[in-house]
Every structure is written in structure tokens, then in C-alpha cells.
Amino acid sequence: MPGKLKAKIVAGRHLPVMDRASDLTDAFVEVKFGNTTFKTDVFPKSLNPQWNSEWFKFEVDDEDLQDEPLQITVLDHDTYSANDAIGKVYIDIDPLLCSEAATRICGWFPIYDTIHGIRGEINVLVKVDLFNDLNSFRQSSCGVKFFCTTSIPRCYRAALVHGFVEELVVNEDPEYQWIDRIRTPRASNEARQRLISLMSGELQRKIGLKVLEMGGNAVVGYLQCFDLEGESGLVVRAIGTACTLDKLTPGTAPNTNTHSNTAPASNACNSPSKDSKESPLAHGCRSTHNSPVRSACSSQRLSHSQNFSVSVPTLVFTGMGSGGSAGKEAGPLKTLLRQHTQSALEQREFPFFTLTCFPPGFLVHVGGVVSARSVKLLDRIHNPDEPETRDAWWEEIRQEIKSHAKALGCHAVVGYSESTSICEEVCILSASGTAAMLNPRFMREGCLDAGGSDHRLSRQPPLNVVGSERIEGDASSAWFGFEDASPPSCGFCHIPYDEFNMPFPAQLTYCYRCRRQKVPDVLFTTIDLPAEAAVTGKGCLIQARLCRTKKKAQGEVNATAISNLLPFMEYELHTQLMNKLKLRSMNALFGLRIQISVGENMLLGLASATGVYLSALPAPGGIQVAGKTPSDLNYDQHIATMQKRINDTITKNKELYNIHPPESTEELVGSPIPDRQRSRLFRSTSESSDELLELDLSHGKKDAFVLEIDDTDAVEDIQSLLTDAPMPAGFYSCNTEVMPGIYNWTSGLQMFTSVRVYRLSNANLTNQGLNKIFTELCENLLKSLYFKLRSMIPCCLCHVNFTVAVPEEELIQVAVTAVAMSFDKDTQQAADKALNKGSGENEDQLQFSMELCADSTPSNNQPTSKPSGVSESALVPSSSRDRCSTWLELLRLKAHTIRRGSVKTSRRTQSLAHSVSSAERCSPLPEGRSRSLRSTRSMPCGAPVAVVKMTPLSFLPGTRIVKYLGIINMFFIRETTSLREEGGVSGFLHCFIAEVFAMVRAHVAALGGNAVVSYSMKECVFMENPNKNQAQCLINVSGDAVIFVRESEQEATPPLMSSGQISSTGADGTT
Amino acid sequence: MSMVLDVFVGNTTIMDMDIYQLWLDGLTVREAVKARMDQGALLECEANAEVLMSDTMDQFRTFQLCERLLHSPTKLANQLLFQIPSQHQRMLIEKYYEFDSVFAREVLGKKLSKGTKKDLDDISSKTGITLKSCRRQFDNFKRVFKVVEDLKGPLVENIQHHFLLTDTQARDYAAIVFFANSRFETGKRKLQYLSFQDFAYCASQLIQYWTTGAVGELHLYSMVEDMDVDLEKEFLHELKDLKVLVNDKNMLDQHKVLVCAALRGKIKVYRLMEANFKNLSRALINLASKLTHTKDVRDLFIDLVEKVIEPCRCDRWTLGEVTLFLTQYTNAAHGLGTFSRQVVWDRYMGVIRSCILRMYHE
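Sequences listed follow chains G and H, in order.
As numbered in my numbering, residues 1 to 1071 make up the first sequence, in order.
As numbered in my numbering, residues 1 to 362 make up the second sequence, in order.
It should be emphasised that the hints constitute simulated quantities derived from the structure, not laboratory data.
Don't take every hint at face value.
[Said to hold, decoys possible] Subject to a maximum C-alpha distance of 20 Å in a straight line, what follows is the list of computed SDA-like cross-link-like pairs (lysine to any residue):
(1) K772(G) with S2(H)
(2) K75(H) with D23(G)
(3) K307(H) with G187(H)
(4) K550(G) with F568(G)
(5) K142(H) with T549(G)
(6) K652(G) with E46(H)
(7) K772(G) with M3(H)
(8) K146(H) with H162(H)
(9) K132(H) with D122(H)
(10) K45(G) with V147(H)
(11) K654(G) with P728(G)
(12) K146(H) with A21(G)
(13) K75(H) with L47(G)
(14) K1028(G) with V4(H)
(15) K39(G) with P2(G)
(16) K132(H) with G983(G)
(17) K45(G) with R119(G)
(18) K772(G) with V4(H)
(19) K772(G) with E50(H)
(20) K75(H) with N48(G)
(21) K772(G) with T549(G)
(22) K772(G) with N48(H)
(23) K34(H) with F787(G)
(24) K146(H) with D23(G)
(25) K825(G) with C45(H)
(26) K652(G) with M3(H)
(27) K75(H) with A11(G)
(28) K75(H) with I1043(G)
Keep in mind that this is a model prediction, so the values were computed, not measured.
With the sequences and hints as input, model every part of the structure.
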């Protein structure tokens, strides 16, 4: 009996009137945990009862403590009839089970009823006494910390990153049980809420066990989802990254901190051991993402034949064989590297990481986005109550992802996530992530640094740490050579795959920062922008939207139809993203999230990402419009105007996003050989030639991205390109954690959720018509958001998360959760100025460092392998999977003949080192200023109810998180039978969302916290029946409850761990 | 394509005070959108009509959801549903309880009952204030009245405490409660020229000097029920003793002599004053002696107008002259050796003088 749970009911307030005669209430409370129930006395005739109960004590297993919520029911005593329930409070006591989280739960909770909403509040006090558990066969996993945050939480450092954990539990959905026919909606809703609460508790416990097994103590990037499968059940599944986290004590930080500003330049090449061993280009080059679809598609029938499955990976090549060839070509160190990597990672079934933001040095190279989708039929599951079938489904998809990553020469997938879309019996399972090469040191003993994300706030470039190198010994010394060959600001851009075995045409150039390794022309990822990345200008939210009609069908026919549509949708979305990226003159996407939602008669696709201009990558070329019939004068004019509009937009966007890559060097080192083919040839034979010359040649060509408007799709593309309204002045937006180019955040913060549902009035819409509607819908929603938040200007919408759904035929639901953060315009301008002044100085510094690098690796500037003339046709993959069916051929045909022929990607010459963005990162002055400004602005709120901030980001600007109190994971159902009286559907949902926020805030406040970070609304299922005056809505939210302090309040203690060195010394101490 | 549902919920509830005003004014969403367009909202942030419509609807819905809380403003601070910064809370309450003096003037002294509420559409069409806004204002009056009606302690403080209003607002509400409680006649045609502020001033005088709570040793029985709402019975009885000033002919003459002596050469209307002195004095004293009857209390203001203010105005007294006269009239009574009710006299005349002066529009 390892735990004693104690609860005390103190008081109630604002209770509803339950007795019409007296206008008062005779309230009492039932406290239930597991099968034990206690009751308070009745407090007669009051709307503000003071129960002041004794301590109710529950003696329970810690297994139950993890699974069960504490259930508090407030009732109105009635002498003659049954007592009426006023409402309930479910309290998840998990945070109390971990010594480092909250110590007690104490505060006012809204009393919630699924029919009436919040009805008053109740003051509760909960404590847990845990005894030492001596049972080695335990089923509980108390003490394992959970974080929704997808980076190493701020007051911890990652000693070890163990890897992927997943779990899935299934149960019968109470809504579909026979008993539901005779019970009240309230009873049914409560059964569901309780069940999901139990299931998530169980799931968390099971994942915790896995973590303990792996030797970890925490799960970071914990992502839990519900699948309401209907008849076949209710699935709760979760994925996460198991880690061993060490808590940082504030004392360890200060002294090492001072180093950080001066160090990075020298650090880029501070390892002398590498020069002779490592050839920077040895680890092969294979481009991915710029080929629209390189998909392997399986349309296989499982042996038990009830499953229909098709998976469609996006953006990714699936052919095999890269590993072997690369190994052969590579030098000895390369082989060593692979071996290490394999030993570290491949012993794991899935080398996946749900993290999107990493400690410096963790991420070595990024390959590109990998994704897989699979269409399943839910009514064909043999044992719906058992998790096996679903486990197998996900297993299949994960395998696919793994093989995609391998094909990209990567051994790991980061920024990994999974999702589903269900419509009747059809379910689309999706998984996506970013193929990457990781530094395996994190997977073994000791490591570099904790808060990778801290760097982002403190804007200090990361360091490679000498300290841990020493501890690591000889095994890892080789790693340093490898790692340090890539300067931190661009290393992750360098291609991890084999240049000469590329599956599709991609244009590689030498990195624009270090000039030593190859980079692709465009980079798509699902992760956040690494803190150390050098970015030119600002970023921007880029969305691709797509709607495809589908015939109504049943069963396998339906599944086939859907799976046939999927690759086309992926392709279209990808093309749209690419076009929009070019229109904004950017070359990389971060935080890419493609959602495909299935309805009865249509499929919706929405891709969101944050576009940036990575300084390491070549400048994107323009977009050129071409017509096929140039004879017609009007037509020519039409094309000319379009071209002009596009060019104007690009120019405007460059101005808007402040993208001014230095182009002056173009003339200096301008290519004498304009012809692209020749340049290629030249390069291929130029092994011995001067590096600089070769570099110039490689980007001397200027190809345009051509859109042929004879192609009806292209007309549509252009239309959609140009209909995207620009953001109003003073606004920026992104779907990643922060916006590059903006640092001086004020404390002004507004998290919001907006939901819209549209009814398509015309049933016979074409794809184009639908697309237009869908695009308008998203654009209008954004416009409304901007207008609504205009008082916060200048501000940036961060972590903009769109979810689309097709709740019913002809209904489209769009939900957005984001945070608007205002920044200081004055200090921003000052920062920009300081930047311009300081850039020259910084440039010198950088160039100096690069010279150092060049000196130290004189022989490694040329590719070691012999490049052959690479033509586009040669890049078409020879090995495609045997499962490829005819529609894929068709798709490829489309991709190549229609598009590939007319779409070319161009580049522009860029200067050698433009250090604008790195300088931006290094300038501490404006930040300091804005901080002091912030401190004067932040005023304590005098309201009796403590203010709880909520944000989808992992941090709050101008503050420091001092404690994580535990995970918030709540599920609510609200139903009404008086929809009109509650203000219609909008009134109903508005109130419900406000109630959900209120309950989250109350729980956080009761834990002693003052903010929720990494908040997300996972699910918002809305159903209505206006004819019956009814509506129902389910909402699932999650986040991390934290305590933060304003930075101004803790000026005495210097800011923590802003450099890698700090925690490395910490590591020294511990090991 | 039509929008079925459109909501925006912020962790901190966003409230636009300009739209709040439109909502309080009782405009429909459509009217509010038009009003905002006229104010130039479209120029802001590249808005269009649709955006404006959506924003207005959303704001109106937010206000509707908050309205319940505004009915008991103290709840607003410790409710959990909406996270509203405290300065916004203050503003919300203040604006919600703001009222149009024109409207308040109409309801002043009326019973705050359902019957009166039914007449609101008349008031609405008369004043040009939307019916919705009239209803809100009326309900506010009624709500405040109901809450403070049975409370002990000073009226203004009670209102402030329970409704978190500003000082001025609380005083105005006190006046409304006071008038509604005593049902003073304010609707007669002859009283139409008086504004709400005139009456509010009179009410504050009455509350300050004539009610139970006004008695000097306030702290002793500061917790008497209705101490600020009802006029002190004892005092009203004692007023009967003032009759001696007009019934005793000697005293009346002496009073006149003293007043005339003090005013000779100082006012232009001296002759008229001299001629009218007895009538004026009689009117003032009779008024005092009748106040034991509820009916006569209600008619206090109409009596003051008919019997004192109108005669003076007919004779074209200036406000200065009235002031001088009333001052001397009050002071002279102290010089009457046989007059023993000095304290009651001062308490009576102090208020009457202030009221008359306020009500005397030249």
C-alpha cells in the first residue's frame, strides 16, 4: 500500500440556485477515489457553503494513483427526491507523485457539469503521502516526469536521450454501449470523461514503465491523442521521447556564462584532431525535398485480408542502398561514424524523436521531411477491444518512416509526430518527421548541454564543449572531428545523403556559409529553426490549402478512392508550398505540418510551415510565367501582367521580410560560364581547381522557376499565389516557436483559440471551386485574427496551429490556436541599427574563423569522390519499390512531363559570408534594453484570482521558468439541449472554450503555477443538430504547468545556462 | 458558402471598449457594424466588412456572456470563467452602471416595479435612448435598490461596496434609490425644467442632513437599518414646532423686521420682498409642518417650486438675491428671543436653502 491520498473540501462559492422556492442551495460534496467514497455534511441554505471538512483519506496502490483521477461531485441535498448533481471536478493527482513537481493541490476549481457548464466553484486541498516502493515487479511508474514541451525543459539538462516511447490503449466507447440508450446524456458524457481520464492515466503509467526500463526518468515531447473510432472503440495513444534529465540548480550557472559571446567563432574549428581524418564532403549528398513526390505507395492486403492499406509518403525517396555505397566512398572516419551511429541508434526499433528543438550539437545534419500515410478500415478489426491491430498499423507506418529516413542517408527521425483522421469506418493514419543525423553522444553517457531552447532566448550561439570531450575519451574524439567540421550555424543544412546517388533531381551547392560542404537548394523540415541557424531577414507563415472532392462510397471502394487521391494531394500541397516559398524569396521551411482530413465527400489538405531564408542555402530564383502560345498579343500581355505582379510581389516580400542577402559579390566573382550544363561539367572535372572558383561556378547559373499557365493547374497555382493577402503592417506570423529576426518581446501575450465552421451551400462544387472557398476561408480567418489583435501591434503570431476537419457532409471546420506576442518596435529598430553597425565587425570575425577552418583543413575542400556529370534524367531513381502501382506511374508522369519540364529552380550568386543574422544573434544590447523596459511594464495584477498565462510555446518571453509542476491533460465534453437559448452554436462553443481555459487555469493555479507552456488543443470535435436544438462538443487540451519568474525579479542571479559550457561543467561534476 | 459558427476565445478576454459602448447603447450587431464603419474602423488593419461583422458579433457575444457577472460586480473579480485584467474589470463595471441622466430623470421617484418597466418604451421613444439600453439602466436601478434596500450602514458606501462603483456613480445611485424609496414627485410639468443632477443634489442634501444616519452621533447607531433611506421621523415631528414662526404674529413681524433690516439696500427686489415676506415665510413653515405626512413628503419639490421658487421668479429675483434672502431669513430666526427651536430650524433651513438655490434657475 504505497500511497495515502488525502483530500479536504473547504468551501464553495457562486453555487447555482437549486431550490427555486428559497433561491438557495443545500449543498454537500462526495469525494471519490477508486471505489471509495466520502461525503461532507450538508451545508444548508447557502450559495457560498463553508464545509471545512475533515481530511478524507484514501489508502491506495500507486498504480491506482497514476490511473485514477480524484472525483469530486457537488450535490444539492433533497429530502424527498433524489439529490441533484450540481457538477463535478476531476483532479489528476499525477503531479503530486513526482517529488520534483507540485507538493499539493490547493485552490478554487470550477464545478463543471457537462450539460450546464461551469456552475460555481469549490475550494479543495489535496495531498499525497508516498511510501517507498520495495516491489521490484511494480506496475507503476511514479516519479517519471512528463513534458509536452518538445525541447529539453528549461530548468533541466539532458544527461541522456534514450529515444522513442509509444503506447496505445483501447476501450469500448461508452457512447456506443447498449446502456447508452437508457441513460441520460449527462451520465453518458460523464462515463466518457471518466473513461478517458482513466485511460490516459493508464497510458501514462505504461509509458512511464517503458521509460524506467530504458533507464530514463522523463518523457519529453509527450504527445497524447484520442481516436474516436465510433463503434470499433475509443483509442488513446501517445508517443514521446524518453530522456534522463538532470535538474539544474541555479548555482551552477553564473561563472561560465561570460564565455559564450567570444567563443563561437573559434569554436567552429577548434578541434585540431579532425583535419586529417575527416573529409567534409565524404558523407555523401542526396537531395530530397525539391522533387515533389518521390513516393512509395503500398496498396497491400494483409494476410487476414480485412485490412486495406495504402501508405503514401511525402517528399521523400524510398529507394534503398544509400548506406552501402556511401560507406564505401567515405573515408575511414566516415565509416567509424556510421558504425557509431548504428550502434547507438539502430539497436532501437525506432530511432524517432518527438523533439523539435535540440541541445546544441545534437542535430548534425537534416535530410528532409519523411512522411507516411495509410488508409485503414475500422470495421474490419478482428478484436476491436484489443490494441494489437492498431499497434500493427502504427508499426507498419513507423517502419516505413524509418526506411524513408534511411533512404535519405539518415539514421534518425526528429520532429516526429503521428495523427489520424477518421470518417465513419475509414481512418487515415499519418506520421511525419524529419530525417536527420544525430550526434550519438546524447544517446550514450554524458552530454553537452541542457536547454537547447534557452539559446533561443538568450541569443547566444551554442558552443561545442571541450569538457565533455575529455570525459568521453577516445571513442568520441572522432566525433568531434566530424562535428566540428560543420560550423554550428550551417552544419545542419549540409546534406547527409550521397550526392551521387540522389533519387531525384536536386541542385546542390556548396554551403554559403562554410563553403565546404554541399547544401540543397531548398530545405523542408518538421522541426523548429535551430537556435544556431543563420537566417537572413524574418520568417513567415506559409500555408498550402487543398480541397478534393470524392465520391461517396463505402468500405474498400471508399478506402481505395481515398488512397488514390492522397498522393495527388501531397503533390499539390508540396507544389503550392514551393511556389509560395519562392514568392517570398525564401529557401527553407520549418515546422512543416501537413494535415489531411477526410470527409464523406471530400478530402481537405492543409500544410502549414514557417518559411525562412537560411543564409547557408542559395537564394531562391524567381518565378517565371510562360505561355505556350506566344503568338497571341493579348495573351502575351496577360502573361506579362501576371509576371509583373509576381515580380512585384517578390520584391515587396523581400522588403517586408527584410531579406537582403548581400549580392554584391556576385559581380566580383560572377560566373564566366553562364551555361548550366557547362558549369556542371566543369565542376565535375575540377577536382584540382581552386575552391573559390568552383564555388562561383556552381551558383553562377540563374534558372527560373517557370510556371506555364496553359496548364490549368498552374493558373490555379498562380491565382492562389496571388490571392494570399499580405499581412497587415506590424504583423508577423509563424508556426514555429519563435520568429527569426524578432527578439525584443515584451510581456504582452495573448493565447487564443478560434474556431469556424462553414457550410458549403452548393453541393456540386468542382475541385477548383472548393479550393477557392477553402483558401478564402483560411485567409479570412487570418484576416479576422489580425484585426482582432490589432491592439498588440507590433506583434507576431507564433505557433499558429491550424486544424481542419470535415465534421459532416458539406461542413468544413477550421480551428486555430496560436499566441500573439507583441514586441518592442523601438528597441527592434535599435537592434536593427546596432546590427547594421556591428555587422562589419562581425563579418571580420567570421571570416577569420573560416580562414582558420580552411587552414586547418587544407586538403579537404574538394570532394574526395569523383563526381560525374549529373544530369536530371540521371537523377530519376532507378530503384522504386515493387509495390508501385499504376497510379504512381501516372503521378510520376504528371510530375515529370507536366511539371518537371516547366519547373526549374534557379539560384543566385551570393556573397561568401553574410553575417547579418549571426550578428543579430550576438547583439545583446537591444535585448538588455527591452528587458529593462519589460520590467517596468510588467505590473502585478491586483485581482483576487491569480493570473495564469497560457502559451503554445515552450517559454514566456522575459521570464524564466523555475519549476515544472506536471503535465496538464484534460478532456471535456459539453452538451446542450437548449442551443438557441445559449446563443446558438457560436454562443455554445464560445462559452465552452472559455470554460475549458478556465478549468486549465484553475488546475494550474491549484498546483501553485502561474502559466501553462506548450499548451495545445489536440481535439475539438463539434457536432450539432439545430433542428433538435442540440449540440455536443469534445475538447482535449494539454500542456505543462509551470512557475515562472520575471527576469527582472531575479536580476541578482545571472541568467541561467545560456551557454553550453555551463552544463558541461555540470556534467563534469556529475560524472 | 455560409459561416455556421465563428468564435474567438482568448486566454485573456479581449474587450474593445468602443464596441462595448455600442453594445451598452443597445445597438444591434448590424447597427454597430455600421457605426464602426462610420467611425472609420475599416481603415484599421486592412479590415473589410466581413471581418468587422465577425469581430462585432464576437464582442457582443463576449459581453452577453459577461453580463451575468456584471449583475453582481463583486463576483467579476473572483470568477474563473474569464480572465480579465483588473483595470478592464473596473472599466466594464463603470460603463455598465453608467446611465443617461435624461433617462434617470424620467424614472426618478417612480416605483422601480414591473409596471414602470412596461412604460419604458414610452421613455425610450421620448428620450431617443434604445429600449434595450433603457431596460439595462432600469434593471441596474432596480438591482442596486434591491440590494441596498435592506442593508445597514451608509447608503453610498453600501452601493460602492456591493457594486464597486466610483464615488460619483455611487452618489448618483444613492439619489436614485433615495427618490425611489420615498417616491418623491418629480414628474409634474412644473418640475420638468429640473435636471437629474438638480434632484441628485437635493437628494444628497436630504440624505446628509435629514435622515436617521445624519444625526450627529452617527457612530452610535451607525448600523440602523435604512438609516440613509428614510427621513428621520423624530425630526419631522419636531418640524411642527416651527409653526410658531408664522402662528405667533409678534414673532412673524419681528422676523420680518430683522430680515428687512439686513437686506435693505442690498437687493433690488427689496420692496417686493418686503411685500411678500409673510407669504414666503408661511409657505416655508407650512411645508415643514406638513412633512409628517408621506404624501406631503412626496410633494416636497413641487411645493417648493409652486410656493417659493415660482413667486420669486415672477418677481424676477436674481439667484444672488434669493441667496441673500434665504441666508438672512435663516439667520434672523436666531435673533428672535422667544424662538427656541434653533437646532431644528437650522437643520431644516440648511437643506431647504440648498435645495431652493439649486432648483432656482433664473
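Results of checking the hints against the structure:
1. Taking the CA atoms of K772(G) and S2(H), the gap is near 14 Å; set against the 20 Å cutoff, the hint holds.
2. Distance check on the hinted pair: K75(H) and D23(G) sit about 18 Å apart at the alpha-carbon level, within 20 Å; holds.
3. Annotation: proposed proximity of K307(H) to G187(H) holds, straight-line Cα distance about 17 Å (limit 20 Å).
4. Distance hint between K550(G) and F568(G) is fulfilled; the C-alpha atoms sit about 13 Å from each other, no more than 20 Å.
5. The hinted pair formed by K142(H) and T549(G) fails the criterion: a straight-line CA distance of about 58 Å is larger than 20 Å.
6. For the proposed pair K652(G) and E46(H), the alpha carbon gap of about 17 Å is at most 20 Å, so the pair holds.
7. Of the pairs offered as hints, the one joining K772(G) and M3(H) holds, with about 15 Å between alpha carbons and a cut-off of 20 Å not exceeded.
8. As the CA atoms of K146(H) and H162(H) are separated by approximately 11 Å, the hinted pair is consistent with the 20 Å bound.
9. For the hint linking K132(H) to D122(H), the alpha-carbon distance of about 13 Å falls within 20 Å, and the restraint holds.
10. For the hint linking K45(G) to V147(H), the alpha-carbon distance of about 19 Å falls within 20 Å, and the restraint holds.
11. At most 20 Å may separate the alpha-carbon atoms for a hinted pair to count; K654(G) and P728(G) meet this at roughly 15 Å.
12. Restraint check: the Cα-Cα separation between K146(H) and A21(G) comes to about 18 Å, which is no more than 20 Å; the hinted pair holds.
13. Simply put, K75(H) and L47(G) have alpha-carbon atoms about 13 Å apart, close enough for the 20 Å limit, and the pair holds.
14. With a C-alpha separation of about 16 Å, the suggested pair K1028(G) and V4(H) falls inside the 20 Å cut-off, and the hint holds.
15. Only pairs whose Cα atoms come within 20 Å are accepted, and K39(G) paired with P2(G) is rejected, the gap being roughly 24 Å.
16. For a cut-off of 20 Å, the pair hint linking K132(H) to G983(G) stands: about 17 Å separates their Cα positions.
17. Using a Cα cut-off of 20 Å, the hinted pair K45(G) and R119(G) holds, with the two alpha carbons roughly 16 Å apart.
18. A C-alpha spacing of about 18 Å is found between K772(G) and V4(H), which places the hinted pair at or below 20 Å, so the restraint holds.
19. In summary, the hint linking K772(G) to E50(H) is supported, as the alpha carbons are separated by about 17 Å, within the 20 Å threshold.
20. Proximity of K75(H) to N48(G) is assessed by CA-CA distance (about 12 Å); at most 20 Å being required, the pair is judged to hold.
21. Distance check on the hinted pair: K772(G) and T549(G) sit about 13 Å apart at the alpha-carbon level, within 20 Å; holds.
22. Proposed proximity of K772(G) and N48(H) is supported: the alpha carbons are some 18 Å apart, at most 20 Å.
23. The hinted pair formed by K34(H) and F787(G) meets the criterion: a straight-line CA distance of about 17 Å does not exceed 20 Å.
24. With a C-alpha separation of about 15 Å, the suggested pair K146(H) and D23(G) falls inside the 20 Å cut-off, and the hint holds.
25. A threshold of 20 Å between alpha carbons decides the hint, and for K825(G) with C45(H) the separation of about 17 Å falls inside it, so the pair holds.
26. Only pairs whose Cα atoms come within 20 Å are accepted, and K652(G) paired with M3(H) is rejected, the gap being roughly 32 Å.
27. With a CA separation close to 16 Å, the supplied pair K75(H) and A11(G) stays within the 20 Å bound.
28. A C-alpha spacing of about 26 Å is found between K75(H) and I1043(G), which places the hinted pair above 20 Å, so the restraint is violated.
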